[in-house]
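*Asks:* As a plain string of letters, each chain reads:
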Amino acid sequence: MLSAFRKDLLPLAELAQSFAAKELVKKVEEHDRYPFGKFFDNVLDKAYDVGFLGVMLPEDMGGIGGGIGALCVILQAVCRADASLGGIIFANALSQQILRAAGADKTARRIFPKAASARDLLVACPAYIDPSQVSALPREARSGKDYVLSGTMELVVLGSLAQRALIPARIGTCGPYSFFLVDLKAKGVSRSEPVFTLGLHACPAVDITLDTVKAQLIGEAGKGREYFTPASRAMHIAAAAMNAGIMKGSLTEALAYAKERQQGGCEIINWSEVSMLLATMGIKSHVAELCVAQACQAFEADPRRWGLHGLAAALHVHELACEAVTDGIQVLGGNGYMKDYGQEKRYRDARQVQALLGTAPLKKIGLTRELSGLEEACAYAL
Amino acid sequence: MLSRSEVLAWLAQYPKFEDTILSLPYAPRMPRAMVKETQEVIAVARRFNREVARKLALPLDRKTHEDHDYMPWDLVEEANRWGFYTMWIPKLFGGKGYNMPSMSHFVEEVGSVCLGIANVIGVHYLGVAGVISSGNVRLSRRIMADVAEGERTGRPCLIALAITEPTAGTDVEEVELEDKGKVTCHARRVEGGYIVNGTKVFISMGHMSTWTILFAFTDLKKPSESSVAFMVKTGMKGFSLGTHENKMGQRACPASVLTFEECFIPDELVVFDADMARKITNKPLRDVNQRYIDYVVSATRPGVCAFGTGAARGAYEAALRYASTTQVNGRLLINNEWVQCLLAEMYKNVALGRLAYMEANYANSHRGMYQMLQVKPLYYYYKYMPESYFTNVVGSLLEKEYMSTLMGRVNFDWARSSDQNCCSGWGSLAKFAGTDIGVRNCQMALELMGASGLRQDAGVEKILRDAKLLQIYEGTNQLNRLNLFKCLIAPAVAQAKCFEE
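Chains A and B, in that order, are what the protein sequence lines are. Everything in the first sequence is counted per our numbering, starting at 1 for the first residue and increasing by one. Everything in the second sequence is counted per our numbering, starting at 1 for the first residue and increasing by one.
One chain only, chain A, in its complex shape:
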């Protein structure tokens, strides 16, 4: 939908759609077997080749210099087919956005333009948390001029693939935190096997344990939240785009099945209760697309003014998605519950995407706290 309003995004949307059709659609179940099956390295390499791993990076950093709209059209198309690759693109973009928000351009230039492969380019991060909501972050300490980190960071996305990770750490158990870049091959770093999770199976996450590991401070000490918040404002919309894509995939499969499957002597789409289920899914899917499109437009126009609206849109889209994909299985009945179809994966993936960037209730609590400030800003703007 976004590309219908933004003609400049049309080539990117078409590229993502054809990529998904060619590389993902027919192998969704095979890719989803990870971590008990093979990882789809070839698909990751191709995603790197076409630039999906550096959408929002400036061209002088090796990216394609797109905005949040560009990232969202790619994520929507990819996640409609297989959200696992979307998760990889998302987590990597989040790391890039945090680095940029921290003004660590020098570090970014050291990493991204010189990357010779997808794995070289990836920067892992704990994409399922808002670090300010988590008490048990790794501890930071000074060792002369250097910083060293100790402790465990759970569910570091891309941690099994990347050579480096962006890890939040703090001095105590609460209060300000900082971001650090950690070389995952450094002494004192141990990585678990990929964690078996609800969804996004082929977007691997690992638990990383650090034992006095030397790490590079990103930006200034204690200002992690100041970097995470603006980065996450954009990435909330990106997560919503992922779920909008998942919903669209679910709706498409449900409609196709309902037109074929017969029950009681006719195609089930003709049973009004099934038709009502499909209509409800369709409403949610279309509302989600509109939310994402409008959130992108608004954010690109003025991120400071519309960032919170983007978060609100994302929270709404995630709720819609979790409901719609549940109905998506229901339309297919027993078949929808089996891995031979795509619906059960979408049921899992939508919840996994909802959990990106922190828990939904705490995001809502945070939203309430910001609302009064926002009211003032809006009044001023008007």
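To be clear, the hints were calculated from the coordinates, so they are not data collected in a lab. Hints may contain errors.
[Unchecked claim] Pulled a few chain A residues facing chain B out of the computed Cβ check, cut under 10 Å:
| hint | residue |
| --- | --- |
| 1 | F36 |
| 2 | P126 |
| 3 | T197 |
| 4 | Q263 |
| 5 | I268 |
| 6 | I329 |
| 7 | G334 |
| 8 | N335 |
| 9 | Y347 |
In this text, all values refer to a predicted model and were calculated from it rather than measured experimentally. C-beta atoms are modelled at their ideal positions from N, C-alpha and C, and glycine is treated no differently.
Given chain A's structure and the hints, the job is docking chain B onto it.
*Replies:* Showing chain B alone in chain A's frame:
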């Protein structure tokens, strides 16, 4: 204020008192010993959870992801050692004779730890219900004797039920749809029995059961009037097990594909067919078949509600543990009012699910399949007479053909249609209410727990995967809503038509 006849007249108006408030009149009629018996069942389930289910649930789920062909034989043998496969078989048929409603509490308990493990035990009783509700006492005793023998020898003998077909799921649960649907499992009458051809899918525990109660049709264009139920034994010529499904959840409990190719089934293994029906009732075969379906699903759907309640409870308990041990900004989550309200909402869902299956079980106990077992004098008679009495004295009596005829008449000829509607309608109400709250609580737990809830080793994501199946099997929740309408709403609306869209 009102005479008794006036009171009865008011209560007979829609919504009828007898169909809407079941526990009030029926709870006092319940034998008191049922309470202690149910308490014992819950205690046994909790002990089983601690000693077996909790240790197995997550590793078993992981194991089936690593190796799709893995079959949980060890678990089945363990459940067999605990005596669970005869626990709710009536003493008349050689079981331990625990009261049937107590099984709902059992599956809620075990289901709160693992729905897959609960189904490895519970779905056996779908087969048991399918056999016993036929009224075929002779064959019921034979099959149940095999189950009891399996318990004694340590070689589990389970019963599966096969009705769903590749092109007919919802259709085969409702005679109004059967004739319009595409059933394909055909039974041809031959000398001394039937020959069956066709395929059944999504058959829970098909690969692990010794006996399967199979439904086929002599006339594929008129299945509503030509249904035949058979007992088939795994290994019989012409009966083969295909693959088993790659499901999202409940992976401890395999769902099988069964194939029948020119499979000869002798008369002695026919559970129910048109000839038997004509001996016991003059009612149309279509009504008899619906009655048979209703007997089974009225008994099993409250059980599925209990599974849903178990899922809701497992999710609630996981959320409670997380909130009690997790700090955000130096404060335990559980000390936030929004978390307390969320937990209260989840607790309420569990309580309402439990009330729903208990109401449905009151219907079955006093107006449905269990009524011959729950009437006080009969209940105590079954409970306190020794097993040897049923084996040696009653057993030979039950082998007589007239006993099957009598049971058939009780089940299919004498039963009131208003009772059938009450049991079936409440079974459906419980089924979709309990399973919807199961999924709802899982969603709430996941939202609260965020990243922690996503990990398989944390347990809660598995409940979400497991719970979704509950909204589909034993009739989709959509079918169950339509059945509630048919049974509890449409009788009061003359112009209402069901399944005629």
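*Asks:* Look at each hint and say if it fits the structure.
*Replies:* Evaluated hints:
1. The restraint placing A:F36 at the interface with chain B holds, with a minimum CB-CB distance near 5 Å, inside the 10 Å limit.
2. A least Cβ separation of about 8 Å between A:P126 and chain B falls short of the 10 Å threshold, and the interface hint therefore holds.
3. A distance limit of 10 Å between C-beta atoms decides the matter here; for A:T197 the minimum to chain B is near 5 Å, and the interface restraint holds.
4. Residue-level restraint check for A:Q263 holds (minimum Cβ-Cβ distance to chain B is 5 Å; threshold 10 Å).
5. At its closest, the beta carbon of A:I268 sits 9 Å from a beta carbon of chain B; the interface hint therefore holds under the 10 Å criterion.
6. For the restraint placing A:I329 at the interface with chain B, the shortest Cβ-Cβ distance is roughly 6 Å, inside the 10 Å limit, so the hint holds.
7. A cut of 10 Å between beta carbons decides the hint on A:G334: the least distance to chain B is about 5 Å, and the hint holds.
8. Proximity of A:N335 to chain B holds as hinted, the smallest CB-CB distance being about 9 Å (cut-off 10 Å).
9. About 6 Å separates the beta-carbon of A:Y347 from the nearest beta-carbon of chain B, less than 10 Å, and the hint is met.
The earlier numbered hints are all upheld by this structure, with none contradicted.
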